[in-house]
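Trainee: Modelling step: build the complete structure from the supplied sequences, incorporating the hints.
Here the working numbering is used: position 267 in the sequence shown is 267, and no number is missing along the way.
Calculated directly from the structure, the hints in this document are not laboratory data.
None of the hints are false.
Here are the simulated distance ranges between beta carbons: (1) GLU37 x PRO378: 37 to 47 Å; (2) THR515 x ASN360: 50 to 60 Å; (3) TRP420 x ARG391: 14 to 24 Å; (4) ILE108 x PRO526: 54 to 64 Å; (5) GLN192 x THR515: 49 to 59 Å; (6) PHE455 x MET369: 49 to 59 Å; (7) ASN360 x LYS80: 26 to 36 Å.
Calculated lysine-lysine pairs in the DSBU-like style (CA-CA distance at most 30 Å, straight line): (8) LYS411 x LYS245; (9) LYS506 x LYS532; (10) LYS458 x LYS545; (11) LYS506 x LYS479; (12) LYS174 x LYS155; (13) LYS80 x LYS57; (14) LYS506 x LYS545; (15) LYS506 x LYS458; (16) LYS450 x LYS532; (17) LYS479 x LYS245; (18) LYS506 x LYS450; (19) LYS544 x LYS506; (20) LYS458 x LYS544; (21) LYS450 x LYS544; (22) LYS532 x LYS479; (23) LYS479 x LYS450; (24) LYS450 x LYS545; (25) LYS532 x LYS458; (26) LYS169 x LYS155.
For each residue, glycine too, the CB sits at the ideal point set by N, CA and C.
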Amino acid sequence: MFFKFFIPDTMKRILFFLGFAVLSYSALPATVSSSLESVRVFLWGAEINRTATAEVKPGIHEIIFTGLPMDIDPNSVQVKGSGPFTILSVSHRNNFLISPQVSTELKILRDSLEYYTQRFNNRQAMLNVYLEEEALLLANKSMGGEAGVRPAELKNLADFFRSRMTEVKELQLKTRIEIQQLQDRQNRLRQQIARLGSEQNVNVGEVVVTVSATRSARGQFEFSYITRSAGWNAMYDIRAEDTQKPVEMLMKASVRQNTGEDWENIRLTLSTANPLDSRVVPSLSTWFLRYVEPVAQAPYGAAQRSRLKETYMMDFESAPLYIIADDEIVEEALAGSVAGITIATQTHTTREYFIDTPYNIMSGADDQMIEVLRDELPAQFTYFAVPRVERDAFLVARITGWEDFVILPGKMGVFFEDSWVGSTFINPEQTADTLEVSLGTDRSVAVERKRLTEFSRKGVLGRRTTETVAWEIVIRNGKNIPVSIEVKDQIPVSTDGDIQITLEEKSGAIHQESTGILTWRLEIAPGQTVRKPFRYSVRYPSDKKIRLE
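Mentor: Listed below in structure tokens is the structure:
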């Protein structure tokens with residue numbers, strides 16, 4: 001019975017290679033797709049959270065999660081698995097052999113281009129037919145030979161030639177116009193496709209997970225990574241219905257993404273953190289404390305159009321935010337419904353906002369505007385006027401409690417009485433506790449500056465000339481409510497010892513001698529008119545000339 005236990009060498013080799021083949025088969029990598037679950041969008045970058053299900057076989061083998069962005073930060077990849085297996089390693093790579101995922105918008109554009117290309121080719125073919133028909137008519141217009149043709153036949157031929165040639169020419173003109181229109185449409189589509197196509201990832205990223213399993217099982221995987229192809233920036237709106245009510249303040253997020261994958265029906269978290277910062281433990285350096293230096297600031301009034309002849313120094317706390325002419329912000333209406341918000345966490349450096357409403361954010365498309373916060377804030381309204389350079393009075397809102405909204409620099413749209421006023425830029429690091437925002441001009445509050453000629457005179461005494469200049473500022477409140485107004489004017493400041501300037505009348509104004517600025521702070525009742533005259537004199541050598549006003 002010895003032969004039952006005898007195995008020839010040939011059979012041993014066969015069994016060896018069969019076993020090796022089985023092991024090799026079990027080691028073949030499995031390519032798995034994954035589902036996008038949620039996104040945390042940072043100012044620069046985004047953390048993508050995905051889930052997947054994969055069949056895990058006994059032994060050591062790789063599971064490849066494909067269809068991912070190529071610009072994944074390899075150090076940010078995190079994978080968690082649930083099942084009878086152990087994760088041995090995780091890595092990221094780019095696969096240049098797989099065609100990149102195309103966004104829905106790009107697919108639509110390419111389909112449109114194909115449609116218009118077919119129409120273009122069709123109209124081009126018809127134009128060639130009409131041109132050939134014209135050539136045929138011209139080639140056969142000489143008929144009858146030496147014998148000629150009878151007048152009746154000639155008339156019929158002429159009528160036919162004229163009628164058909166006219167029709168052919170009209171068809172050619174119409175077709176050329178259609179061809180030009182189709183060509184213009186093709187060019188616009190190609191430009192848009194080129195823009196979106198250049199923004200699409202040129203290859204596909206993959207996360208490779210090596211696992212070791214003792215038996216076959218269906219594993220559940222959760223993994224996340226950070227991509228640089230996304231981000232958001234803050235924008236704000238200030239809406240004031242009238243001067244008797246609080247202002248409404250909105251914080252919005254302009255979210256962009258170019259990951260090559262459309263985010264459809266995704267819940268977002270907006271974070272002020274920067275995940276691309278260095279992961280090295282920071283150290284502290286000496287904190288030197290200095291005074292905040294005042295800055296040269298344009299005076300109250302038309303910020304961009306005119307100003308007092310001399311700029312003056314103003315502290316940060318007293319500088320309102322002036323509007324800037326800008327029509328683009330009108331287009332920045334909310335693209336989706338109002339989102340419910342919960343501020344989840346806040347540290348000294350970061351804050352996160354959970355957006356309850358799911359959003360669709362297409363890859364490579366225009367930025368998506370998302371409302372983040374909305375609330376009413378107390379505000380004090382004051383009018384400012386500089387009648388020397390501008391007859392209109394400017395309404396400024398002093399807003400408190402804005403710190404929970406303006407945490408990042410950004411453009412701010414300004415609305416007053418349901419009308420668009422303009423936009424400004426706000427930086428929380430350069431704004432005082434009270435936020436001052438210009439709401440534009442209000443013609444119901446009229447300010448006029450008149451020369452009082454009866455009090456203005458010029459005289460010479462010896463070698464000295466004295467000029468006296470008198471003005472009157474007239475403020476009229478045409479509103480049915482009382483208003484607070486701050487009016488500014490100025491007298492000159494001498495730069496020479498021979499020039500002596502004396503303020504003779506100021507009507508209760510605050511005079512800043514270093515700048516010559518006069519300031520009146522007034523409370524004016526409805527329908528009331530207030531007059532504030534002021535007068536100054538200038539003495540200088542008679543052989544010199546000066547210019548006043």
